[in-house]
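Peer 1: Chains A and B, in that order, give the protein sequences.
Take 805 as the starting number for the first sequence in my numbering and just add one per residue.
Take 32 as the starting number for the second sequence in my numbering and just add one per residue.
No lab work stands behind these hints: they were computed from the structure.
All C-beta atoms in this analysis are idealised placements derived from N, C-alpha and C, irrespective of residue type, glycine included.
It is possible that some hints are incorrect.
[To be verified] Within a straight-line C-alpha distance of at most 27 angstroms, the following computed DSS-like cross-link-like pairs (lysine-lysine) qualify:
1. A:K821 x B:K236
2. B:K236 x A:K822
3. A:K822 x B:K131
4. B:K145 x B:K236
5. A:K1009 x A:K920
6. A:K1009 x B:K131
7. A:K1009 x B:K130
8. B:K42 x A:K1009
9. B:K42 x B:K136
10. B:K131 x B:K145
11. B:K72 x A:K1028
12. A:K821 x A:K808
13. B:K236 x A:K1009
14. B:K236 x B:K136
15. B:K236 x B:K42
16. B:K131 x B:K42
17. B:K308 x B:K131
18. A:K1028 x A:K870
19. B:K236 x B:K131
20. B:K145 x B:K42
21. B:K308 x B:K236
22. B:K136 x B:K307
23. B:K42 x B:K308
24. A:K821 x B:K130
25. B:K130 x B:K145
26. A:K821 x B:K131
27. A:K822 x A:K1009
28. B:K130 x B:K236
29. A:K1078 x A:K1009
30. B:K308 x B:K145
[Stated by the list, open to error] Restraint ranges, calculated between C-beta atoms of paired labels, are given here:
31. B:M32 x A:S1029: 51 to 57 angstroms
32. B:S311 x A:S963: 56 to 62 angstroms
33. A:L1059 x B:D184: 50 to 56 angstroms
34. A:M853 x B:L77: 48 to 54 angstroms
35. A:K822 x B:V185: 52 to 58 angstroms
36. B:I263 x A:L943: 22 to 28 angstroms
37. A:L956 x B:S132: 49 to 55 angstroms
38. A:I873 x B:V185: 24 to 30 angstroms
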Amino acid sequence: MFFKMLSYDIYRGIWRKKYLFLPLFVLTIIFCQSFYYDMQSYQMMGICMESGSWMDYIALLFQGMKEYIPSPDNPFVFPVMWILIFLYVAYISLGYLHDDLTASGQQVLIRSGGRKLWWISKCLWNVAITMLSFMVMYLSVTVYCLIRGIPLSFSCTTSVLEYQLEMPILSSISVWQGICVLILMPLGVALALNLFQMFLGLLIKPWYSCGMIAAILLISAYFKSPLLIGNYSMFYRSAVLIGEESGMQLIIGALLTLVFVAVAVMGGLFLFSKHDILNQE
Amino acid sequence: MRTCLRLELRKIFRSGWFWLVMGIAIGISCLSTMEMIRLTKDSIELSSLTMIEQKEYMVLSIFTKWIGCDSFTLGFSLYFFLFPLFATFAYGWSFFQEKKSGYIKNLITRTTRKNYYWAKYISVFIAGGLSMTVPMLINMFLTATFSNLNTPDVVYTYFSMMHGSFGSELFYSHPFLFSVLYLFIDFIFCGLIACMSMALSFFIKNRLAVLLIPFFFLLILDYLSNFLMMEIFHTEYNISVMRFLHPTPFPWFISGWIILGYGVLFTILTMGICIKKGTSSDVF
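Assemble the whole structure, with the sequences as input and the hints as a guide.
Peer 2: Structure representation (structure tokens):
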């Protein structure tokens, strides 16, 4: 029964919403094009002659922003690209639970034999759609790199990142560090935020939960704090880039992600067992 | 038409969601005031430590402290990031809801379509505008309780108004008029953003999309503003609605023509869709 329910969720919540991945694909291409413009201008000025790699584009996609120090001379300009990526991925996974509960999902819930399995199935669906969203982004970068002849390499080019991020990179970034910081951590943060958003959707209306995620992302950009999960998905603030003392540690990030996931899944299990499904709009 | 509008306005002010959104927006705008109170206290304490007789009071001007001139506090950052959501969440959902529930059929059979759609458009517009400007006004009044009314002076560096930006002359000569003008611009734009939700309700059957697409549209426009204006057109004018609705410009200049252009475009699009499509489409 559980696998039947999961396949139903994947069919209704992913396959029938496949058109939502297209804007993500196009947006990522536009982001890549802006990085390419910058690299071209550096090449034309003779500052940096390298064209970068696949991993450099991923690094720029999740660059976020440097630590913000509030002062009247330093206006806060939010990292729109980073926020757009995480917020759009959150939006893709936003409405399904609510839509399902107000439609045929109630019938499925009655036949499923228990609310726990129903919730776990929704959590797994959420994990799947988040992973798929990230795969669409990686695919988009891959397609762009293939068109422009950019090497599909997992290693970061130090000189390209130094000019693009406008900061010195003291030690080179290994392939493994790159994979952890640029692929696994943003994915983990997005997973945690999306599951948390789904959990909040049980307490408040889903559009308010999306507003809360938007606020969490903005506050994460404003404050550099190990307690704000968004910080771990910004390359600018990672310990790999700015050092162990001031940067965000991967281990703490992974632990915080696990806490978010645990709160969302367990809290959701508890809340959903008492949730009134008949009074939904 | 007047009865219809009165009914719609009554619905806004009796809606719990409208007051909830308004409460959240006011709370966030007060966050900026609280941060400013702390900073003002610090600067007064610092000023009392100096030996010079003539104290510096320009820094305490309301035109450096209210949310319209603040560019660095958390309250300001949250407010000018989330305002499209305030505009649409306040009452932008109502047309979608009435269409979905079938309530619209009861109204249209009792008045003309034109009356209904005009009344709905105006009420959504007013609710969207109020959700942005009322918290800003409250913030201004609260800021006035601990700041002075010094007219900005271009010699001082406390004011973040750039030369050549929209309304800069007015800001340095009649700052109150400038603030009122900007509140009016913000009212118009947030009203139009709310009306975008109403216009989208004609094409989209998903409430979340209706409420959130205007926000994503403005975010994408903000990104493109940087990319297009700096990289392709090599100008320093701001085409991002999210940026130019903040009275003092950053990081780029604000052009009055761009504001006017957007205003006309959004009005034509939203009004065209809501009134023209509304009066010609069948609700049954």
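Peer 1: The structure should be examined with respect to each hint, and the outcome stated for every one.
Peer 2: How the hints compare with the structure:
Using a Cα cut-off of 27 angstroms, the hinted pair K821 (chain A) and K236 (chain B) holds, with the two alpha carbons roughly 13 angstroms apart. A distance of roughly 16 angstroms separates the Cα atoms of K236 (chain B) and K822 (chain A); the hinted pair therefore holds under the 27 angstroms criterion. This hinted pair checks out: K822 (chain A) and K131 (chain B) have alpha carbons roughly 24 angstroms apart, not beyond 27 angstroms. In summary, the hint linking K145 (chain B) to K236 (chain B) is supported, as the alpha carbons are separated by about 22 angstroms, within the 27 angstroms threshold.
With a CA separation close to 21 angstroms, the supplied pair K1009 (chain A) and K920 (chain A) stays within the 27 angstroms bound. Using a Cα cut-off of 27 angstroms, the hinted pair K1009 (chain A) and K131 (chain B) holds, with the two alpha carbons roughly 17 angstroms apart. With a C-alpha separation of about 19 angstroms, the suggested pairing of K1009 (chain A) with K130 (chain B) holds against the 27 angstroms cut-off. For the hint pairing K42 (chain B) with K1009 (chain A), the CA-to-CA distance comes to about 20 angstroms; that is within 27 angstroms, so the pair holds.
Taking the CA atoms of K42 (chain B) and K136 (chain B), the gap is about 17 angstroms. The hint holds against a cut of 27 angstroms. For the proposed pair K131 (chain B) and K145 (chain B), the alpha carbon gap of about 19 angstroms is at most 27 angstroms, so the pair holds. Pair hint K72 (chain B) plus K1028 (chain A) holds up; C-alpha atoms about 25 angstroms apart against a cutoff of 27 angstroms. For the proposed pair K821 (chain A) and K808 (chain A), the alpha carbon gap of about 19 angstroms is at most 27 angstroms, so the pair holds.
About 17 angstroms separates the Cα atoms of K236 (chain B) and K1009 (chain A), which keeps this hinted pair within 27 angstroms; it holds. For the hint linking K236 (chain B) to K136 (chain B), the alpha-carbon distance of about 17 angstroms falls within 27 angstroms, and the restraint holds. Straight-line distance between C-alpha atoms of K236 (chain B) and K42 (chain B) comes to about 23 angstroms, which keeps the hinted pair within the 27 angstroms bound. Distance restraint check for K131 (chain B) and K42 (chain B): the Cα-Cα separation of roughly 17 angstroms lies within the 27 angstroms cut-off, and the hinted pair is therefore satisfied.
Our distance criterion of 27 angstroms between C-alpha atoms is met by K308 (chain B) and K131 (chain B), whose separation comes to about 17 angstroms. Taking the CA atoms of K1028 (chain A) and K870 (chain A), the gap is near 9 angstroms; set against the 27 angstroms cutoff, the hint holds. For the given pair, K236 (chain B) sits about 8 angstroms from K131 (chain B) by alpha-carbon distance, which is consistent with the 27 angstroms threshold. For the given pair, K145 (chain B) sits about 19 angstroms from K42 (chain B) by alpha-carbon distance, which is consistent with the 27 angstroms threshold.
The straight-line distance between the Cα atoms of K308 (chain B) and K236 (chain B) is roughly 16 angstroms, inside the 27 angstroms bound, and the hint therefore holds. Under the criterion of a C-alpha separation no larger than 27 angstroms, the hint pairing K136 (chain B) with K307 (chain B) is consistent with the structure, at around 18 angstroms. A hinted pair counts as satisfied when its Cα atoms are at most 27 angstroms apart, and K42 (chain B) with K308 (chain B) qualifies at roughly 23 angstroms. Restraint check: the Cα-Cα separation between K821 (chain A) and K130 (chain B) comes to about 23 angstroms, which is no more than 27 angstroms; the hinted pair holds.
Between K130 (chain B) and K145 (chain B), the direct Cα distance comes to roughly 16 angstroms. Compliance with the 27 angstroms bound is thereby established for this hinted pair. With a CA separation close to 21 angstroms, the supplied pair K821 (chain A) and K131 (chain B) stays within the 27 angstroms bound. Annotation: proposed proximity of K822 (chain A) to K1009 (chain A) holds, straight-line Cα distance about 24 angstroms (limit 27 angstroms). Taken as a hint, the K130 (chain B) and K236 (chain B) pair is honoured in the structure, with Cα atoms around 10 angstroms apart against an allowance of 27 angstroms.
Annotation: proposed proximity of K1078 (chain A) to K1009 (chain A) holds, straight-line Cα distance about 17 angstroms (limit 27 angstroms). For a cut-off of 27 angstroms, the pair hint linking K308 (chain B) to K145 (chain B) stands: about 10 angstroms separates their Cα positions. Taken as a hint, the range 51 to 57 angstroms holds for the pair M32 (chain B) and S1029 (chain A), whose Cβ atoms sit roughly 53 angstroms apart. The hint said 56 to 62 angstroms for the Cβ distance between S311 (chain B) and S963 (chain A), and at roughly 60 angstroms that hint holds.
Distance hint for L1059 (chain A) and D184 (chain B): a CB-CB separation of about 52 angstroms, consistent with the stated range 50 to 56 angstroms. A hinted range of 48 to 54 angstroms for the beta carbons of M853 (chain A) and L77 (chain B) is consistent with their spacing of about 50 angstroms. Taking 52 to 58 angstroms as the suggested C-beta distance range, the pair K822 (chain A) and V185 (chain B) conforms, at roughly 56 angstroms. Distance hint check for I263 (chain B) and L943 (chain A): the Cβ-Cβ separation is about 26 angstroms, which falls inside the suggested range of 22 to 28 angstroms.
At roughly 52 angstroms, the beta-carbon separation of L956 (chain A) and S132 (chain B) lies within the given 49 to 55 angstroms, and the hint holds. A C-beta distance of roughly 26 angstroms is found between I873 (chain A) and V185 (chain B), which places it inside the suggested range of 24 to 30 angstroms.
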